[in-house]
Every structure is written in C-alpha cells, then in structure tokens.
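Chains as they are written, first to last, in numbering that gives the first Met the number 0: chain A, 0 to 128; chain C, 0 to 128; chain F, 0 to 128; chain H, 0 to 128.
Treat each hint with caution, since some may be false.
Said to hold, decoys possible - Below 25 Å or equal to it, Euclidean Cα-Cα: the simulated DSS-like pairs (lysine-lysine) are:
| hint | chain 1 | residue 1 | chain 2 | residue 2 |
| --- | --- | --- | --- | --- |
| 1 | F | Lys117 | F | Lys96 |
| 2 | H | Lys111 | A | Lys96 |
| 3 | C | Lys125 | F | Lys125 |
| 4 | A | Lys125 | H | Lys125 |
| 5 | A | Lys15 | A | Lys125 |
| 6 | C | Lys111 | F | Lys111 |
| 7 | F | Lys96 | C | Lys117 |
| 8 | F | Lys96 | F | Lys125 |
| 9 | H | Lys125 | A | Lys117 |
| 10 | H | Lys117 | A | Lys96 |
| 11 | C | Lys15 | F | Lys111 |
| 12 | C | Lys96 | C | Lys125 |
| 13 | A | Lys111 | A | Lys125 |
| 14 | H | Lys114 | A | Lys15 |
| 15 | F | Lys96 | C | Lys15 |
| 16 | C | Lys15 | C | Lys117 |
| 17 | H | Lys15 | H | Lys117 |
| 18 | H | Lys125 | H | Lys111 |
| 19 | C | Lys111 | C | Lys125 |
| 20 | A | Lys125 | A | Lys96 |
| 21 | H | Lys15 | A | Lys125 |
| 22 | F | Lys117 | F | Lys15 |
| 23 | F | Lys117 | C | Lys114 |
| 24 | F | Lys15 | C | Lys114 |
| 25 | A | Lys15 | H | Lys125 |
| 26 | C | Lys15 | F | Lys125 |
| 27 | H | Lys111 | A | Lys15 |
| 28 | H | Lys114 | A | Lys125 |
| 29 | H | Lys125 | H | Lys96 |
By construction, these hints were calculated from the structure, which means they are not laboratory data.
There are 4 protein chains.
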Amino acid sequence: MELRLVRAFDRLIREKGYANRSEAIRDLVRDALVQQEWGAGDEETMATVSLVYDHHHGDITGTLNGIEHENLGLIVSTLHVHLDHHNCLEVMVLRGKPAAIRAVSDRLISTKGVKHGKLSVATTGKSIV
Amino acid sequence: MELRLVRAFDRLIREKGYANRSEAIRDLVRDALVQQEWGAGDEETMATVSLVYDHHHGDITGTLNGIEHENLGLIVSTLHVHLDHHNCLEVMVLRGKPAAIRAVSDRLISTKGVKHGKLSVATTGKSIV
Amino acid sequence: MELRLVRAFDRLIREKGYANRSEAIRDLVRDALVQQEWGAGDEETMATVSLVYDHHHGDITGTLNGIEHENLGLIVSTLHVHLDHHNCLEVMVLRGKPAAIRAVSDRLISTKGVKHGKLSVATTGKSIV
Amino acid sequence: MELRLVRAFDRLIREKGYANRSEAIRDLVRDALVQQEWGAGDEETMATVSLVYDHHHGDITGTLNGIEHENLGLIVSTLHVHLDHHNCLEVMVLRGKPAAIRAVSDRLISTKGVKHGKLSVATTGKSIV
C-alpha cells in the first residue's frame with residue numbers, strides 16, 4: 000500500500016477506536032462479504048454505479064468504455080462530470096438482473112486506476128406500492 | 000404575409016400543437032432572440048454539443064475526455080449513451096461565453112473519428128420573458 | 000406578445016436590417032417550414048431535445064414529465080440542469096423513427112411555459128462508416 | 000485473520016476479478032477513507048442521490064424540483080430515467096460540504112411519494128492517491 004494511504008488509514012483507525020490495523024481490515028472484509036450476499040434474486044432491478052478515476056491513468060477511459068459497450072443491454076446511460084484536471088466522476092444507471100448488474104459493476108470497480116467505485120442498489124419501483 | 004405562406008404556417012401550427020398563431024410566432028421570435036444572444040454577445044449562455052463516434056477509433060474516448068478536462072469550467076456535465084457495440088452518443092451541457100463555447104465545440108466536433116457533431120444553442124433563460 | 004419580448008425583437012430587427020417587423024416574421028415562418036420538412040425517412044434515428052423553462056410556471060414540470068412518460072419507448076434518458084432559481088435546462092436523448100421523435104418534440108416545445116425548445120437531429124451512427 | 004474469513008475473502012476476490020489480495024484490501028481501505036472524509040469533515044466532496052418515485056403522486060415532480068432549485072449550488076446535474084408509466088428514477092450528482100449534502104439528501108428522500116431513496120458518497124478524488 001502507498002505510504003500516504005497507510006497513514007490516512009492509520010488516522011481513520013485511531014478515530015474509530017480500533018485496537019490495531021488488522022482488526023480494522025477484518026471489519027472491512029466482513030462488510031464486503033455482507034454486501035456480496037445481496038442480489039440472490041432473479042427479478043429485474045435498477046442500480047447505479049459511481050466511479051471516480053484519473054483519466055490520465057493509462058487508457059482507463061477507453062477500458063471502461065469498452066466494458067460498458069460489452070454490457071450495452073444493461074446500461075441505460077451514464078452521467079459524466081469532470082471534477083478537476085485529473086479526476087472524473089461517472090454515474091451509470093443500470094437495469095437488469097442482480098447477478099448481471101453485480102458482474103459488470105465488479106469489473107468496472109476493480110479496473111486498475113479506479114480510485115473509488117460504489118454500487119448502489121435501487122428498484123424499478125414496480126413491487127413497491 | 001402571402002396567403003400561401005399563412006396557410007402553410009397554419010398547417011405547421013396545427014401539426015405542432017400550438018394553441019394559436021400568436022403563441023407560435025412568440026416561439027419563433029424567442030428562438031431568434033436566443034440565436035442573437037448567442038452569435039454576437041459576451042453574456043454567459045448555455046449550449047449543448049452532441050457527438051456520435053465509434054469508441055474503437057484509436058484513443059478517441061481519451062482524446063475527447065482530454066479536451067473536455069481542459070475546458071472544465073465550461074462543461075457542466077455530459078450524458079453518455081452506448082448506442083451499439085461501436086457507437087456512442089455523448090451530449091454535453093456547456094455554460095459560458097459564446098466564443099468559448101464555440102471554440103471547444105469546434106475542437107470536439109473536428110476530432111478525428113467523430114462521425115456526427117452538432118452544436119445546439121440554448122439560453123440561461125434570464126433575458127427571455 | 001409581452002412588451003419586453005417585442006422590444007428585444009425590434010432591436011434584433013434593426014440589427015439584422017429588416018425593413019419592418021412583418022418582413023422579419025415572414026422569414027422566421029419560412030425557416031420553421033424548412034425545418035418541418037426534415038424526417039420523411041422511416042429508419043430509426045437519434046435526436047436530442049433541449050428545453051429551457053421556468054419551473055414555477057403552473058405545473059409545467061409535471062406536464063412535461065407526463066408527456067415524457069407517454070413516450071417511454073422513445074426517451075432514453077434526460078439530463079436536467081438547474082440554471083437559477085427559476086430556470087431549468089432539460090436535455091433529452093431520443094431514439095426512434097423521425098416522425099415519432101418529431102411528434103413528441105413538437106408537443107414538448109409547444110408546452111405553455113417553455114421559453115426555448117430545440118430539436119437537434121443526430122444519428123445512430125450505423126449508416127456512417 | 001481467521002482462516003474462514005480469509006477463505007471467504009479469497010473467494011470474493013476471485014469473483015470480483017481483483018489481481019490479488021493486496022489490491023482488494025487497498026480498495027476496501029480507500030472506500031473506508033472516502034466514508035470517513037465524508038462523515039466528519041468540512042472539505043468539499045461529491046455524492047449521488049438516487050430517487051425512485053411515481054410521478055403521478057400529487058405534485059411530487061414539482062416538489063422535488065423546488066427543493067433542488069433551493070439548493071442550486073450543491074446540485075451539479077440530474078439524470079432522469081422514465082422507468083414505466085408510473086415510475087421515475089432520478090440520479091443527482093452533488094458537490095459541496097458533507098453536512099449540506101446530507102441535509103438536502105434527507106429532504107429529498109423523505110419527500111412523500113418517494114418510494115426509494117439512497118445517498119451514496121463519493122469523493123472529489125483529490126485526497127486519494
């Protein structure tokens with residue numbers, strides 16, 4: 000891990016009152032596993048995926064665009080905001096089965112150069128009166 | 000107005016669903032004022048730029064993203080729609096002085112690989128009743 | 000026509016060198032008729048529609064949203080920018096047959112309270128190498 | 000870390016497509032830092048708010064639009080997708096201080112007629128390597 004990242008993490012650990020670094024990491028891992036449990040269902044649903052990345056990082060813009068085009072049917076559209084000379088925020092609206100949404104979201108978020116990625120589950124509203 | 004022109008206009012008014020002739024003329028006048036505000040002036044205004052391109056064409060996604068980041072202050076946000084395995088539609092909303100908007104629009108539209116580009120002028124709505 | 004609009008139009012008429020007001024209106028009408036000729040074709044295409052409106056004007060937000068929902072299949076998505084305390088810019092991406100796009104665009108633009116509306120034709124990119 | 004946890008995590012890493020364990024942990028740490036930057040701080044940050052609502056519910060479209068206009072400076076732009084004849088998905092991109100974003104998000108999500116609302120924190124990317 001980069002030194003700056005380690006230091007910021009240690010500050011967070013102190014603020015949150017963790018006994019040590021591995022205790023904190025264990026909690027993060029548990030939380031990720033809980034999130035992973037989502038999406039057992041097979042009904043069409045909606046989600047958004049937010050990505051923050053530095054567009055100077057290799058061909059990241061092209062790579063993400065490529066993944067998105069392979070998943071045409073799932074991605075309704077994408078809102079792109081240029082944050083500063085380096086950083087982009089991309090918010091995608093997806094519609095499809097949970098497993099399919101999860102799969103493309105995982106690929107996008109784990110792409111090298113993505114600084115922050117988040118899947119946020121929504122709904123088509125149909126099953127909610 | 001010549002009778003023929005009046006008749007053609009009345010047909011257009013019906014087709015477009017306007018309540019009456021003066022409502023339709025008011026819209027034409029407003030549109031002319033927007034064009035005018037746009038062409039000469041130095042007042043802040045709005046515009047959209049639409050681009051259709053094949054994202055497989057060289058590093059076009061990165062190139063466009065680069066131009067956009069150089070013009071951060073002008074570009075409010077961009078809506079991106081994946082059309083098929085090759086083609087993207089990007090619609091940008093811009094806010095700034097007409098000359099600056101025109102300049103970045105020209106650069107984007109003339110980028111190699113852009114199949115279709117169009118600047119469409121709008122307004123901030125302030126000067127229009 | 001509101002007095003402020005008439006005055007702005009008279010200024011524009013002088014700048015453009017028209018002999019009188021009705022000469023200028025005749026030109027606007029002719030131009031609208033030319034635009035109307037577009038879209039005889041029957042192939043699926045893309046377009047954007049931009050609308051500027053004052054969201055305080057009656058129930059305009061609900062009215063536009065209603066028209067849009069009646070045309071679900073045509074409207075891919077809409078980008079909404081809040082311009083100031085009164086004015087909104089809405090940019091819609093549409094996909095469908097020219098006649099259908101033209102029809103919904105006409106309804107939206109002619110809605111009372113829309114200050115400025117513009118249909119801008121794009122392409123799906125398929126027929127363009 | 001307990002062996003069971005390590006194994007579950009390794010499964011998750013494979014499923015998500017990370018290159019290795021430390022790449023995955025780095026992402027968890029970054030995410031935790033984003034959450035943290037978010038909760039307490041006074042630094043400008045980014046967030047998205049997703050809302051699903053039935054646009055036939057009273058004047059909900061106008062109400063939401065009104066709240067959004069009162070918070071002009073915070074809302075960069077909004078992506079609107081018409082889900083079916085009743086339901087809308089709105090995804091807003093916000094930029095500002097955490098407390099202000101949280102406040103407007105709470106008001107939007109608690110608006111009567113909103114079926115599902117979610118604040119998802121992001122980052123401007125500046126503080127993250």
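Hint check:
1. F/Lys117 <-> F/Lys96: holds (18 Å)
2. H/Lys111 <-> A/Lys96: violated (28 Å)
3. C/Lys125 <-> F/Lys125: Answer violated: C/Lys125 to F/Lys125 is near 39 Å, above 25 Å.
4. A/Lys125 <-> H/Lys125: Violated: A/Lys125 and H/Lys125 sit about 39 Å apart, past 25 Å.
5. A/Lys15 <-> A/Lys125: Roughly 40 Å separates the two Cα atoms, so the pair is violated.
6. C/Lys111 <-> F/Lys111: Judged against 25 Å, a Cα distance of about 41 Å means the pair is violated.
7. F/Lys96 <-> C/Lys117: holds (19 Å)
8. F/Lys96 <-> F/Lys125: holds (14 Å)
9. H/Lys125 <-> A/Lys117: The given pair, whose Cα atoms are some 17 Å apart, holds under the 25 Å limit.
10. H/Lys117 <-> A/Lys96: Within the cut-off at roughly 19 Å; holds.
11. C/Lys15 <-> F/Lys111: Cα-Cα ~13 Å, so holds.
12. C/Lys96 <-> C/Lys125: holds (14 Å)
13. A/Lys111 <-> A/Lys125: Violated - the C-alpha atoms of A/Lys125 and A/Lys111 are around 36 Å apart, more than 25 Å.
14. H/Lys114 <-> A/Lys15: This hinted pair is violated, its Cα atoms lying about 33 Å apart.
15. F/Lys96 <-> C/Lys15: Given that 25 Å is the threshold and the Cα spacing comes to 17 Å, the pair holds.
16. C/Lys15 <-> C/Lys117: At roughly 23 Å apart (the allowed maximum being 25 Å), C/Lys117 and C/Lys15 satisfy the hint.
17. H/Lys15 <-> H/Lys117: Distance ~23 Å between H/Lys15 and H/Lys117 Cα, so the pair holds.
18. H/Lys125 <-> H/Lys111: violated (36 Å)
19. C/Lys111 <-> C/Lys125: This hinted pair is violated, its Cα atoms lying about 36 Å apart.
20. A/Lys125 <-> A/Lys96: holds (14 Å)
21. H/Lys15 <-> A/Lys125: violated (29 Å)
22. F/Lys117 <-> F/Lys15: The given pair, whose Cα atoms are some 22 Å apart, holds under the 25 Å limit.
23. F/Lys117 <-> C/Lys114: holds (21 Å)
24. F/Lys15 <-> C/Lys114: Distance of about 34 Å is beyond 25 Å: violated.
25. A/Lys15 <-> H/Lys125: holds (23 Å)
26. C/Lys15 <-> F/Lys125: violated (29 Å)
27. H/Lys111 <-> A/Lys15: Roughly 35 Å between the alpha carbons, so the hint for H/Lys111 and A/Lys15 is violated.
28. H/Lys114 <-> A/Lys125: Holds, because 10 Å separates the two Cα atoms, which is no more than 25 Å.
29. H/Lys125 <-> H/Lys96: Between H/Lys125 and H/Lys96 the Cα gap is close to 15 Å, so the pair holds against 25 Å.
This entry does not satisfy hints 2, 3, 4, 5, 6, 13, 14, 18, 19, 21, 24, 26 and 27, going by the numbered hints stated previously.
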